[in-house]
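Residue numbers (our numbering), protein chains in the order written: chain A, 1 to 320; chain B, 1001 to 1239; chain C, 2001 to 2297.
Which chain B residues stay away from chain C? Per the calculated CB distances, all over 10 Å, these: (1) L1025; (2) S1114; (3) M1122; (4) Q1141; (5) L1167; (6) S1168; (7) A1173; (8) G1186; (9) R1197; (10) A1201.
Partial pick of chain C residues on the chain A-facing surface, computed with a CB cut under 8 Å: (11) A2033; (12) V2104; (13) G2111; (14) A2112; (15) A2119; (16) L2282; (17) L2285; (18) P2289.
Label pairs and their calculated CB-CB ranges: (19) V2167(C) <-> G1117(B): 20 to 30 Å; (20) P1072(B) <-> Y2129(C): 43 to 53 Å; (21) L2139(C) <-> R194(A): 56 to 66 Å.
Source of the hints: derived by calculation from the structure; they are not laboratory data.
Backbone N, C-alpha and C define an ideal beta-carbon position, used for all residues, glycine too.
As a plain string of letters, each chain reads:
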Amino acid sequence: MTGLASYLCFFATVALTYGVAVLGLNLQWGAAGLFNVGVAGFAAVGAYVAAWITAAPAPAHWGGFALPIALGWAGAMLAAAFAAAIVGAATLRLRADYLAITTFGAAVTLQLVALNATALTGGPFGIAFIPKPFESLADRPLAFGAANLALVAAVTAIIFVALERLTQSPWGRVLRALREDEAAAASLGKAPDRFRLQAFVIGAALMGLAGAMQAQFFGFIAPDNYLPVLTFQVWVMLVLGGSGNNRGALLGAVVVWGLWTLSGTLLAAMLPGAWQARGAALRLVAIGAVLAGVLLARPRGLIGERATVSRHVVHTGEQA
Amino acid sequence: MTRLELRGLVAGYEPGLPIVRGVDLSLAGGEILVLLGPNGAGKSTLAKALAGLVPVAAGTITLDGASLLDVPAHARIRHGLGFVPQTHNIFAALSVAENLAVAAAILPRAARTSRIGAMLAMFPDLAAARRRAAGLLSGGQRQMLAIARALIASPAVLALDEPSAGLSPKLVAMVLAKLREIAVGGVAVLLVEQNARAALAVADRAVILVEGRVAHEGAGAALLDDPHVAALYLGGRAA
Amino acid sequence: MIGQILIDGITSGAMIGLGAIGLTLTYGLLRFANFAHGEFATWGAYLAMLGAGAFGGAAPIGALTFGWPLVVALMVAMALTALLALALDAALFRRLRRHGNAIVLVIASFGASLALRSAIEFAFGPEPYYYTTDIAMTLRLAPGLRATADQLVVLAAALVLMLAMHVLLTRTPLGRAMRAVSENPDLARLAGIDPARIVRATWAIGGALAAAAGVFLGVTVQLRPSMGFELLLPLFAAAILGGVGSVPGAMLGGLVIGIAEAAAVPLAGAQYRAAVAFVVLLAMLLVRPRGLFGGRE
Chain A
1 MTGLASYLCF
11 FATVALTYGV
21 AVLGLNLQWG
31 AAGLFNVGVA
41 GFAAVGAYVA
51 AWITAAPAPA
61 HWGGFALPIA
71 LGWAGAMLAA
81 AFAAAIVGAA
91 TLRLRADYLA
101 ITTFGAAVTL
111 QLVALNATAL
121 TGGPFGIAFI
131 PKPFESLADR
141 PLAFGAANLA
151 LVAAVTAIIF
161 VALERLTQSP
171 WGRVLRALRE
181 DEAAAASLGK
191 APDRFRLQAF
201 VIGAALMGLA
211 GAMQAQFFGF
221 IAPDNYLPVL
231 TFQVWVMLVL
241 GGSGNNRGAL
251 LGAVVVWGLW
261 TLSGTLLAAM
271 LPGAWQARGA
281 ALRLVAIGAV
291 LAGVLLARPR
301 GLIGERATVS
311 RHVVHTGEQA
Chain B
1001 MTRLELRGLV
1011 AGYEPGLPIV
1021 RGVDLSLAGG
1031 EILVLLGPNG
1041 AGKSTLAKAL
1051 AGLVPVAAGT
1061 ITLDGASLLD
1071 VPAHARIRHG
1081 LGFVPQTHNI
1091 FAALSVAENL
1101 AVAAAILPRA
1111 ARTSRIGAML
1121 AMFPDLAAAR
1131 RRAAGLLSGG
1141 QRQMLAIARA
1151 LIASPAVLAL
1161 DEPSAGLSPK
1171 LVAMVLAKLR
1181 EIAVGGVAVL
1191 LVEQNARAAL
1201 AVADRAVILV
1211 EGRVAHEGAG
1221 AALLDDPHVA
1231 ALYLGGRAA
Chain C
2001 MIGQILIDGI
2011 TSGAMIGLGA
2021 IGLTLTYGLL
2031 RFANFAHGEF
2041 ATWGAYLAML
2051 GAGAFGGAAP
2061 IGALTFGWPL
2071 VVALMVAMAL
2081 TALLALALDA
2091 ALFRRLRRHG
2101 NAIVLVIASF
2111 GASLALRSAI
2121 EFAFGPEPYY
2131 YTTDIAMTLR
2141 LAPGLRATAD
2151 QLVVLAAALV
2161 LMLAMHVLLT
2171 RTPLGRAMRA
2181 VSENPDLARL
2191 AGIDPARIVR
2201 ATWAIGGALA
2211 AAAGVFLGVT
2221 VQLRPSMGFE
2231 LLLPLFAAAI
2241 LGGVGSVPGA
2251 MLGGLVIGIA
2261 EAAAVPLAGA
2271 QYRAAVAFVV
2281 LLAMLLVRPR
2291 GLFGGRE
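The following block holds chain A by itself, in its conformation from the complex (with noise of 0.2 Å):
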């Protein structure tokens, strides 16, 4: 039983720290338009600068400050923000289409330093042997599970106050409707492109903290990690459980990072071990699969956006 409720805090644990994640994409996208496919760039550089900041000193990477994790935490934000503002600036103005490949080619960019930079980042082989948080408590696995857990839900909840307040203000608004009607906001004097910069650079923040964390309890981060399939995960995880809606952004990273875990576990038992390698790819096709079906099916999610502003698409007149 034990074992089995500190697997729970585990996975909860992990699902959360998706959520944060989705909860950023969420603000990007949901609430600003902006499309973001280089999610796992952002995460990657949260992970690593979080790993340099809290790990001890070691001669295969750099870094090794071993700093509180807070700080690593707070780094880690601020660095991906640091990256976001540097993508934004350049991207932002392009069309969305364009942001979208410029933010992937980013992400494949930063994935090959991280392989490639190996006095940075230790190469392939990553970084190991990153503190975890409460490690005091690592030989009672269900109170060290449960204060992880605690934690991370913790923080969550704070994004998702913070969040949610944020979206209501005014700024919320302004993004809201900037997003319906560039036109229209702008001439109100809303300056777009600044407005957008920092709905993607908060979110962008909240995909580094995302990172961040995934290392922390995991302990040990590599190249692979932060390959495209990251962002897919992301992006499966906002549109299922509704773009426009953090409760759905949360729900869709329960839910998604639930049937992950749950068909990984399927396919590791029912495949012939020379298959297991396999099992991991039809999963990606499964999961493809779902997506596709939910756009098709349900494209506002489980829980869709709230309706917010009015959407005036009137026709009045034969030149509309």
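We have chain A already, so just place chains B and C on it with the hints.
Using the frame of chain A, we list chains B and C on its own:
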């Protein structure tokens, strides 16, 4: 002989928001009918509904006795309906010859060259510019190309949405003279216009649309002379 | 040195250009960035491997490493990949187009890309394959200038396909109709063109050309489940560089990216090759978002 007939036509971009609200019209071969009316009266929407670009909510459209309602927009030219939109009415990236060839593709292979030749003979300006990208043509030439493109398949009915927009008075007169020439050839011409005086001068009949309904109907010259109509709808254009 | 970079860059650039033609055509026509386009190259390459195996092991042609079976398999793979592209459109993209939002299409294509790639990995495993175990013969074209016979034949074949594509677009009714719909779908309908027919033709052509690029990549490098996905950034870079919707632009853009990649290898190392396309693309978007050779927004 009536070729085009609209009965109780209701049309608009969105369900429940009709812009054309019950219009009856009929048009005979060789006739030019001008559709006038203030901004927002539904003139362009009516023309687009005719072309299949705007959904029809109620009513009928028949061409030579056959209903067009179930004919998709891309097949209406095969049923004899040519339409010249107001803007973006040529393929700017294609050459003049290619614009005509694209439209001639629905004809039997043997007829294509001769119909393109006929159009170039009818619009000598285009013949001189046939290799040029259509986007580089002057405003008058563009309008000629747009009309030639719509005429190439020898439609029974030619509908035009404000072909005079943005043209100088001299070019307007030229375009309208061409339309008269086309009508003399037996084509029924439906002309949507803001430029009422110039259009009425060439029209056989005119219909004035107000708020999606027919408000006045009559011979072109008679409407032009009607002080009531002139004051209401032609005032701004009076010389 | 410079000559060698040019040879390598032009060869891989021709394959990028070939793949980018379909991408730029669907992008221009349907107004969405198809992240699944690279997978057509992967599927084409693997389908050709199956086909070449089925047609038996004939002797290699001349100095090449492959024989007639692969040539026939190339044709079959192009046809089958065209069908795959059509099926993907019918099952997914066409339905989503009815709902409007182009970005939803991009998300869906991202999912389709992952599913298609993973299906290949499931069927064939992650390890690389080769069409043949023969060693490619290297020809000395000039002092310090080498190319394999395979490379030269692939380059020639890619150029022939590009030329054929150019002729199709400028000299045939189908090609003119494709350009017409891409510029103005409503006006094309008024001119009697059924846009749905043109969309189908565009998917089929784009899928077939991407499959050819994948087979050529398999001949000159190797087959891996991620080969098409790794081609994606260069494809996007080539399409945007050339101006979205422009086929000659995509071909030239492909050559520019190919040469830039080849030139960057001695400077930054082969491991960063994949980032070159991104850097070129970013520079391009900042300076001239409409593409080097015009094209439209």
